[in-house]
Amino acid sequence: MKVVVWLLIALVLVGIAYSFSTCRAEQSGRKVELALFDWSWPAYNKMNRQRIAVFEKENPDVKVRLVTGGPDKYLTMVTGNVAPDVTYTAYQDIPYYAKRKAILSLDKFIAEDEKFSLDRFFPSVIDSVRYQGKIYALPDTGSPVALYYNKDLFDEYNKNRKPGEPPLEYPSGEWTWAYFRHAAKALTQDRDGDGRTDVYGATIGFSMNRFPSYIWQNGGEIISKDQKRCLMDSPEAIEAIRWMYDIMWVDKSAPTGYTQVEGASQQTTDIFFKEQHLAMLLTTRWAYGDLFGKTDFVWDVAPLPRGPVNRATVFIGGSWMISSQTHYPEKAWKLVKFLTDEYSSELSMEAGRALVSNRAVAERMVNHPGIPPENDRIWAEIMADARPKDFQFRGMGKYLRKALDELNFVSQGRRTPEEACRNFTRIYQKGLDRLWKEEGGP
Amino acid sequence: MKKTKLATTWRRRAALAGYLFILPNVLGFLIFTSLPVLASLVLSFHKWDLLTPYRWVGLENFRNLLVDADFWKNPFFSIPWITDCPLEHGYLFNTLALMLAIPIGILLSLFLAVMLNQKLRGMVLYRTFFFLPSITAGIGTMLLWMWLLNSDYGIINMVLGNAYDCLSWMYDGVRNVTGWFGGELSAWPKWYDVRPAWLQEEAWAKPALIMMGLWGSMGGMNMILYLAALQSVPPALYEAAKIDGAGAWQRFWKITWPMVSPTTFFIFIMSIIGGFQGGFQQAHIMTDGGGPAGSTTTIGFYIYQNAYMWFKMGYAASIAWFLFLIVFALTMFNWRASKRFVHYG
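Top line first, the protein sequences correspond to chains E and U. Quick note, the first sequence lines up with residues 1 to 442 if you use the working numbering. Quick note, the second sequence lines up with residues 1001 to 1345 if you use the working numbering.
Read the hints as simulated data drawn from the structure, not as lab findings. Even glycine gets a Cβ: it sits at the ideal position worked out from N, Cα and C.
So the derived list for chain E, only partly shown, Cβ under 10 Å to chain U, looks like this: (1) 78; (2) 97; (3) 99; (4) 100; (5) 102; (6) 195; (7) 257; (8) 258; (9) 260; (10) 262; (11) 394; (12) 396; (13) 408; (14) 438; (15) 439.
Straight-line C-alpha distance at most 25 Å; calculated BS3-like pairs for lysine-lysine: (16) 46(E) <-> 63(E); (17) 185(E) <-> 252(E); (18) 73(E) <-> 1047(U); (19) 1119(U) <-> 1242(U); (20) 437(E) <-> 228(E); (21) 1206(U) <-> 398(E); (22) 389(E) <-> 134(E); (23) 115(E) <-> 57(E); (24) 1047(U) <-> 101(E); (25) 1047(U) <-> 430(E); (26) 185(E) <-> 159(E); (27) 1190(U) <-> 252(E); (28) 437(E) <-> 1047(U); (29) 398(E) <-> 430(E); (30) 1254(U) <-> 1339(U); (31) 228(E) <-> 1047(U); (32) 1047(U) <-> 398(E).
Please build the complete structure, drawing on both the sequences and the hints.
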């Protein structure tokens, strides 16, 4: 009997302690604690700790707790009703969270906050955080795809070119598809004459972070504006994939899906470029991690060649969202605003988070003569052509992956562009129809 | 009378103490294993994306699984409802194909154990070497194998390439001779054009993973189990057989094989269970998420994809329970069949 009484007393005490612990800090006058969730990379942890120190100084009533991990951990926390107040996410997941009301729309905060304007961001990235007309996050960092080129290889070609051949110009925003293809072919070399290419002219990527640029440039779209129809079988899309295929399989100026480049220490395109097996690399600013200050040749960056119809490049990025489980939405908004202001954005750039969406900071970048890439300011210009991916929905599940496999088969020479585009459309459309039928759309 | 009562009380107390000792384990099992297992059964009848409440869908997840072309497609028989599946092989077939490594691995383990059961100098060292794959971290091993399997610079293709060049050289000789007599043989293709791209081609990805699996399983825990089993075979049996004039093969087939059959049975059952659940790490690390074109996606990895990449928790749970049914049925069958080939005592 005694034991039962003691157990009951212990239970009551635990209950009282718990109710004190969950009592809102704002009501009790204590410090408010916000959980900030970001990916767990050492450079980002350091950056976030610096940011938190400054934020806490400016907001003495708030304490920020840094939580790190990936999307799995984040979702587990949301499911367990302990969602972090503010979270960094890849923008393509925003519709998923917004549709399920896991995150707050920021429209109200934006409208009521006189000190804040969306003008602080590049207009092109705002679309990446919009869902059904509402803003659900503030963009932090990301990068469009640009054209990196090895100046030394261009110079070498021009020095050794055959009589009568015109010199190759360095890449610029004025390059056309035809000129890009010509340059890629001209720069491709078998240096030792063993029948295998030692230097490829360019990379042509069929991944979902690369191929959309060319389809948009050719006036095509991957899905319709109402997100109900896949348009990959349109003549514009097929023509763009054909152009990519020809560079790879007809001209043989780009490594294929099977190519192992002779002599490269790692089989990745960044390393091909770094080790001078590649003259032109089409990638994001994250490649600076492999290249900046680590090359013994001169390289620079330019916009992608202009397409027959448009200038366009894929934007890949991440942004800050506020959980709908937060007890302190106003404080969370303050934090999100802070994380995308000029101070935080500068720290982001220093930590290697590609390019920031904060326009003022991105435009403050300077060219640095003598240190590759000399033309660093070009990134701010490229952002004008950037477009977020509008076809990558988590709810598509395996259908997106299988549709992308079809394009991968083009890079392996196992599908013609026409077959791949037709199959892509059929598979993707099946997934899209299912998404609309079962979940009412993306 | 009093003595009996005392004995009963003592027995009760001893039993209580026993139960108390195993209580933490039982509680841990009930809370952290049984409950989630039961929850997953409940989940398999629901639709749940983690962010919105569960929705009861009855048997829909299981019905969807039965018509999931990606799961069922196979090269042996056609299924009427599977007409549109760009995959060459479905995930059930992939899982079964990778399990080909099991019988080969068992035989190799036994062979190795027999070799390591000899009385030779430095045998402990040899045993340690062969056990090393088991204590090496999986990811490290896989990264190593990715290099070995590299189509241009991997040691496997280098050896195969040299053998191919020898054949090519001989073929060229024959071609020259036939050329003198007016015959015309087509040119031997270059190695670069025919070399297997182990982890990039659908046709080669599964054999590559089977090869790696064999390396890991033949010298590991299975070998140790066999070694223990071999050492418990009474030497008198061999001596008697020798006196009766039995040769090495007869001694192995009539004595060793039956005597280690309980171990073989144990290894077989555990390997079958492991095989159905396996393939996750390889798909995640070596083949870029079950590629190329889904050719190394196993049932285990498909469950992960549905649960944690596409948040189809209900469907993932239904696949997991279907997997349980397969494993359970196979294990039952094996238990029954074992009476015919497993010899105890």
